[in-house]
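Trainee: Protein chains in written order, with this note's numbering: chain A, 1 to 249; chain B, 250 to 675.
These are calculated hints, taken from the structure and not from any lab test.
Quantities reported herein were computed from a predicted structural model and do not represent experimental measurements.
The reader is advised that the hints may include incorrect statements.
Covered stretches of chain B (chain A as the covering partner; in silico rule of three or more C-beta atoms under 8 Å from a C-beta of chain A) [what the hints assert, rightly or not]:
id, region
1, 259 to 273
2, 492 to 505
DSS-like mimics (lysine-lysine), calculated; alpha carbons at most 27 Å apart, straight line [stated by the list, open to error]:
id, chain 1, residue 1, chain 2, residue 2
3, B, K331, A, K135
4, B, K405, A, K145
5, B, K434, B, K331
6, B, K340, B, K405
The beta-carbon is built from N, C-alpha and C at its ideal position, and this holds for glycine as well.
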Amino acid sequence: MNATAAIEVKNLLKTYKGSAIPAVNSISFTVEKGSIFGLLGPNGAGKTTTISILCGLSKASTGDVTLMGLSLKKQLNEIKQLIGVVPQEIALYPTLTAFENLRYIGNMYGLKGDNLRKKIKENLELVGLSEFAEKQIITFSGGMKRRINLVAGILHEPKILFLDEPTVGVDVQSRNLITEHLHLLNNAGCTIIYTSHLMEEAENLCTSIAIIDHGKIIATGEPKKLIQEHSKSTLEQLFLKLTGKKLRD
Amino acid sequence: MLRLYSTIQKEILILLRDRGGLIIMFIMPMAMITLMALIQDAPFRDYQEMRIPLLLVNNDNGNLGSTIDLGLNESKIFEITKLHLDQDIVKQKMKSGDYDIAIIIPEGASKILNSKVSNFVTKKLNEAGFSDTSSITKTDLTQELNLEILFSPETKKSFKASILSTLKQATSKIETQTLLELFNKELKQEDKSGKRKSEPMKDFVNFQEINTVETPAEALKLNSVQHNVPAWTIFGMFFIVISMSGSIIKERDDGSYTRILTMPGLYITVLAGKIAAYLLICLIQCVLMLMVGIYILPQFGLPQLVIGNSIPAISIVAITAGLAATGYGVFVGSIFKTHQQASTFGAISVVILAALGGIWVPVFVMPESLKIAVEFSPLYWGLSAFHKLFLNEGTVQSILPYAFKLLLFFIFTLSFAFLYTKNNRS
Numbered sequence: 001m002n003a004t005a006a007i008e009v010k011n012l013l014k015t016y017k018g019s020a021i022p023a024v025n026s027i028s029f030t031v032e033k034g035s036i037f038g039l040l041g042p043n044g045a046g047k048t049t050t051i052s053i054l055c056g057l058s059k060a061s062t063g064d065v066t067l068m069g070l071s072l073k074k075q076l077n078e079i080k081q082l083i084g085v086v087p088q089e090i091a092l093y094p095t096l097t098a099f100e101n102l103r104y105i106g107n108m109y110g111l112k113g114d115n116l117r118k119k120i121k122e123n124l125e126l127v128g129l130s131e132f133a134e135k136q137i138i139t140f141s142g143g144m145k146r147r148i149n150l151v152a153g154i155l156h157e158p159k160i161l162f163l164d165e166p167t168v169g170v171d172v173q174s175r176n177l178i179t180e181h182l183h184l185l186n187n188a189g190c191t192i193i194y195t196s197h198l199m200e201e202a203e204n205l206c207t208s209i210a211i212i213d214h215g216k217i218i219a220t221g222e223p224k225k226l227i228q229e230h231s232k233s234t235l236e237q238l239f240l241k242l243t244g245k246k247l248r249d
Numbered sequence: 250m251l252r253l254y255s256t257i258q259k260e261i262l263i264l265l266r267d268r269g270g271l272i273i274m275f276i277m278p279m280a281m282i283t284l285m286a287l288i289q290d291a292p293f294r295d296y297q298e299m300r301i302p303l304l305l306v307n308n309d310n311g312n313l314g315s316t317i318d319l320g321l322n323e324s325k326i327f328e329i330t331k332l333h334l335d336q337d338i339v340k341q342k343m344k345s346g347d348y349d350i351a352i353i354i355p356e357g358a359s360k361i362l363n364s365k366v367s368n369f370v371t372k373k374l375n376e377a378g379f380s381d382t383s384s385i386t387k388t389d390l391t392q393e394l395n396l397e398i399l400f401s402p403e404t405k406k407s408f409k410a411s412i413l414s415t416l417k418q419a420t421s422k423i424e425t426q427t428l429l430e431l432f433n434k435e436l437k438q439e440d441k442s443g444k445r446k447s448e449p450m451k452d453f454v455n456f457q458e459i460n461t462v463e464t465p466a467e468a469l470k471l472n473s474v475q476h477n478v479p480a481w482t483i484f485g486m487f488f489i490v491i492s493m494s495g496s497i498i499k500e501r502d503d504g505s506y507t508r509i510l511t512m513p514g515l516y517i518t519v520l521a522g523k524i525a526a527y528l529l530i531c532l533i534q535c536v537l538m539l540m541v542g543i544y545i546l547p548q549f550g551l552p553q554l555v556i557g558n559s560i561p562a563i564s565i566v567a568i569t570a571g572l573a574a575t576g577y578g579v580f581v582g583s584i585f586k587t588h589q590q591a592s593t594f595g596a597i598s599v600v601i602l603a604a605l606g607g608i609w610v611p612v613f614v615m616p617e618s619l620k621i622a623v624e625f626s627p628l629y630w631g632l633s634a635f636h637k638l639f640l641n642e643g644t645v646q647s648i649l650p651y652a653f654k655l656l657l658f659f660i661f662t663l664s665f666a667f668l669y670t671k672n673n674r675s
C-alpha cells in the first residue's frame, strides 16, 4: 500500500448488465494525497463509471480500490465519511433555503448545533453567499447555484473531493471564485478528483491528469509534461491527438 | 436518529412550501368528501330511508280503499298524496313528471270485493252441504274489480315490487276478514243483543327489527356520510402516491439521490424519514377528513359521521392504511422514470383500486364477478376496517386482519421497490 496515495485503483473493470463491452476496462492509477487529479475523456469514455465506483455509487465487476488506505469493498461507510461529492446537477432542494439545504446535508454527515451553523456561515462567506442564506435556492442564479452546490460537497471537510464539471454553465466571475476556492481547499490538504470538458481549466487547475477513452487510460501524468512529451502546446491539442476528432454523441 | 429526524424535517418543509401539493393533499379530498356525500345522499336514501312519492286516488268509500290507504301509510316507504282525479288527468300528471307512481281505487271497489267473496263463500258452503245460505247477499258476478297502478318508465323494479306487495297484503287482509265475517254469519254466531262477535283480525306473526349493535340504529345505517367519509378518506390517503412518487423521481433527476447515496449511513434511514413525513401527512389528512364528516357535513343537512368507540382501532387503521399508501408511493416512484409517467399511473391505478375497493359504490351492489377482485384492493381493506369500526362498533381485534393485510402490502411494495432500484443501480 502506498502511504502517499489518496486513491489507488488496480485493474478496475466494470461491465454493465446486458453489455458485452466493459465501460471501464482493467484500469489502474494512483492519485497522490494533496493533488488535484483531472480525469479527462470524451463522452462515454468511462469517466462517470470510474467516479461512480470510487464514490461507492456503483460496484466494480473486478479490481481493487482503496481510498485513504481503506478498502472500498469492505469499508465503504468509513470511506463515505472521508469523501465529498459535487455532482454536475444542482443536487439541492429548490424550495428550501441555502441554510436549510446545508443544515440537512450537514446533519447527514453527523454535524449539528453551533458547530454546523459555524461551518455553514464560514462556507457561505467564502463563496459570497452569506446574505442569501435565508433565500430559497429556486431564486438563485446559475452561478450562485453552482457555488452553493460546491459548499454542499465540502461542508463536512472531506479528505477527498469528487467534482463533476463543477463550473459548467456559469459566468467567468463565478468560475474564477470556484477555482480559487478549490485551490484553497487543496492547499488545506484536500485531494481533489475533477472531471471536465474544459481543457484550459483542467490544464490550469490539475497537478496530474489521466486521459481515459473506450474504458482504458491512454495517458497519465502531469499536464505540462504530457503536453511536452507529445509536442503539443495545449492540453486541448493533446486531448484531440489522443482521443481523435470523431464525434462521440 | 439525526439523519431520520433531519429527513423528516426536510420533507415536511418541502411539502409545506408546495402549495399545489397541499391543495391536492388536503383541500381536494375534503371537497371531494363533501361533494360525494351530498351527491350520493339521494341514492343512499333510496336504499335506506327515502320515501317514494305516490299519488293515491281513492274513489272507494269502503274498507278496501281505507285498508290500502292504511297499508301504504304503515309501510313507511311512500310519500302519499291523496287526490280525487280522473284517470286521464292522473296520466297527464305522470307524463308531466309530477308523480312516478299512482294507484286508482275505483268507486264501489269494496262493495264489488265483498260481493265476490260472498259468492265464493256461498258456493263453498253449498258444496259443503249448508243448504240455507239466504243470509248471504247475492250479487252480480260479471262485475270486474280492477285496481289501476300506473308506473312511469323510470320507476325502479324494487319500487314496483314494494307497491304490489303492499296492495296484495291489503286486499288479502280484506278478503280474509270478509270471508271470516261471512262464515261467522252463516254459522249463526251472533250474540243475544244481535251484535256480531266481530273482532278485527290480528296478525299472528310479529316482525321485530333488532339491531346487532347497541348504538342507536339511526346512526349506524350505511348512509351517504357513513360510506363516503371513510371511503374518500382512504382514497385521499392513497392519492399521496402522486406527491410521494414525484418527490422520489425529482430527487433522482436532480442528483440529490446520488448525493444522498454518497453520504455515510444506510439509504433506508433516509427513506424511512421520507415515509414518516408522508405518513404524518396521511394521518393529518385522515383526522381532517373525519372531522369534515363529524362537523361540516351536518351543516349541509347530512347525517353526522359516527366513528364508533375505539380510537386505538381507528389509529391502527389510519397508520396501516397510511403505510400502505406511502409504500405504494415508493413503489411507483421507483419503477417509473418520469414524473408524468408516475403521476398518470399513480392516479389511474388509485382510481382503479378505489373502484374495486368499493369507494365509488359499495361492494354489495357490484357484480359477483368483480367481488373476487375486490379482495385484492388495499383500499377495500382500509374501507372495510373503517366500516367495521363505524357501522359495527368493531374493536382492535376485529380490524387486525385488515391492518395486517395493509401492513403486508406496505412491506411488499417497499421490498419490490428496493430490489428493483438495487437491480437497476448495479
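Trainee: Confirm or reject each hint.
Mentor: Hint by hint, here is what the structure shows:
no.	hint	verdict
1	259 to 273	holds (count 5)
2	492 to 505	holds (count 4)
3	K331/B to K135/A	violated, 74 Å
4	K405/B to K145/A	violated, 66 Å
5	K434/B to K331/B	violated, 35 Å
6	K340/B to K405/B	holds, 18 Å
The structure shown violates the earlier hints numbered 3, 4 and 5.
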